[in-house]
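Asker: Sequence:
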Amino acid sequence: MYSAAHSSENHSDNESIICSCCGKWIASVKENDMQPDAQACYEAGNVPVPNLGWFCSQHCAITFEQVQGVQFTRTAKGEIDYYGSM
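Quick note on numbering: the sequence shown equals residues 22 to 107 in the numbering used here.
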(Lines of atoms letter the chains of each structure in order from A; the text may use other names.)
(Lines give C-alpha, C1' and ligand atoms only; values in the text may rest on other atoms or scores of the structure.)
Protein backbone atom coordinates (compact mmCIF):
# COMPACT_ATOMS: atom_id res chain seq x y z
CA MET A 22 0.00 0.00 0.00
CA TYR A 23 2.99 2.30 -0.27
CA SER A 24 2.72 3.16 -3.97
CA ALA A 25 1.11 6.50 -4.74
CA ALA A 26 -0.53 5.56 -8.04
CA HIS A 27 -2.92 2.64 -8.39
CA SER A 28 -5.94 1.81 -10.48
CA SER A 29 -9.05 2.46 -8.46
CA GLU A 30 -12.35 0.63 -8.86
CA ASN A 31 -14.21 3.86 -8.11
CA HIS A 32 -12.20 5.80 -10.69
CA SER A 33 -11.54 3.05 -13.25
CA ASP A 34 -10.83 5.33 -16.23
CA ASN A 35 -7.96 7.06 -14.42
CA GLU A 36 -4.93 6.32 -12.37
CA SER A 37 -5.54 7.39 -8.80
CA ILE A 38 -3.37 8.95 -6.15
CA ILE A 39 -4.18 7.17 -2.91
CA CYS A 40 -3.07 7.54 0.68
CA SER A 41 0.22 5.71 1.19
CA CYS A 42 -1.06 4.45 4.55
CA CYS A 43 -4.78 3.62 4.33
CA GLY A 44 -5.42 3.58 0.57
CA LYS A 45 -8.08 6.34 0.64
CA TRP A 46 -8.56 8.05 -2.74
CA ILE A 47 -7.00 11.53 -2.94
CA ALA A 48 -7.01 12.47 -6.64
CA SER A 49 -7.28 11.18 -10.19
CA VAL A 50 -4.45 11.43 -12.69
CA LYS A 51 -5.05 11.30 -16.42
CA GLU A 52 -2.17 12.09 -18.76
CA ASN A 53 -0.48 15.10 -17.11
CA ASP A 54 -3.55 16.32 -15.19
CA MET A 55 -4.26 15.78 -11.48
CA GLN A 56 -7.83 16.41 -10.27
CA PRO A 57 -8.21 17.91 -7.79
CA ASP A 58 -4.86 19.61 -8.33
CA ALA A 59 -1.98 19.41 -5.84
CA GLN A 60 -2.80 22.81 -4.33
CA ALA A 61 -6.41 21.81 -3.64
CA CYS A 62 -5.34 18.45 -2.18
CA TYR A 63 -2.82 20.17 0.10
CA GLU A 64 -5.37 22.78 1.22
CA ALA A 65 -7.83 19.96 2.00
CA GLY A 66 -5.36 18.54 4.53
CA ASN A 67 -3.70 15.87 2.43
CA VAL A 68 0.02 15.52 3.16
CA PRO A 69 2.51 15.21 0.27
CA VAL A 70 5.90 13.66 1.06
CA PRO A 71 8.61 13.95 -1.62
CA ASN A 72 9.83 10.69 -3.17
CA LEU A 73 7.09 8.76 -1.35
CA GLY A 74 3.59 9.95 -2.18
CA TRP A 75 0.56 11.38 -0.44
CA PHE A 76 -1.21 10.77 2.85
CA CYS A 77 -4.89 11.63 3.38
CA SER A 78 -4.19 13.18 6.79
CA GLN A 79 -1.59 13.94 9.44
CA HIS A 80 -2.90 10.88 11.31
CA CYS A 81 -2.06 8.55 8.41
CA ALA A 82 1.36 10.17 7.92
CA ILE A 83 2.16 9.66 11.61
CA THR A 84 0.88 6.08 11.52
CA PHE A 85 3.12 5.39 8.51
CA GLU A 86 6.12 6.85 10.40
CA GLN A 87 5.47 4.60 13.38
CA VAL A 88 4.96 1.44 11.32
CA GLN A 89 7.95 2.06 9.05
CA GLY A 90 10.29 3.50 11.69
CA VAL A 91 10.89 6.75 9.79
CA GLN A 92 10.44 10.40 10.71
CA PHE A 93 9.27 13.08 8.31
CA THR A 94 10.11 16.79 8.41
CA ARG A 95 7.88 18.82 10.72
CA THR A 96 6.87 22.45 11.11
CA ALA A 97 7.33 24.41 14.33
CA LYS A 98 3.74 23.34 15.17
CA GLY A 99 4.76 19.67 14.87
CA GLU A 100 2.88 18.96 11.64
CA ILE A 101 4.42 16.92 8.84
CA ASP A 102 4.91 19.43 6.06
CA TYR A 103 7.59 19.67 3.37
CA TYR A 104 6.09 22.61 1.52
CA GLY A 105 5.08 25.21 4.11
CA SER A 106 2.17 26.59 2.14
CA MET A 107 2.00 25.49 -1.45
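It is worth saying that the hints were derived from the structure and are not from the lab.
From a predicted model like this one, the values you see are computed outputs, not experimental measurements.
Every residue, glycine too, gets a C-beta built ideally from N, C-alpha and C.
Possibly wrong hints are sitting among the right ones.
[Said to hold, decoys possible] Derived DEER-like restraints, expressed as beta-carbon distance ranges:
id, residue 1, residue 2, range
1, Thr96, Glu52, 29 to 39 Å
2, Glu52, Gln92, 13 to 23 Å
3, Arg95, Ala59, 15 to 25 Å
4, Glu52, Ala97, 31 to 41 Å
Asker: That 15 to 25 Å hint for arginine 95 and alanine 59 (C-beta), does it hold up?
Answerer: Roughly 20 Å apart at Cβ, these two residues keep to the hinted range, so it holds.
Asker: Given a hinted range of 31 to 41 Å, is it respected by the beta-carbon distance of glutamate 52 and alanine 97?
Answerer: The hint (31 to 41 Å, Cβ to Cβ) holds, given that glutamate 52 and alanine 97 are roughly 38 Å apart.
Asker: Is it true that the C-beta distance of threonine 96 to glutamate 52 lies inside 29 to 39 Å, as the hint says?
Answerer: Holds - the Cβ-Cβ distance for threonine 96 and glutamate 52, about 33 Å, lies within 29 to 39 Å.
Asker: If you check the beta carbons of glutamate 52 and glutamine 92, does the distance land in 13 to 23 Å?
Answerer: The hinted range 13 to 23 Å is violated for glutamate 52 and glutamine 92, with Cβ atoms some 35 Å apart.
Violation of the numbered hints given earlier is confined to hint 2; every other hint is satisfied by the structure.
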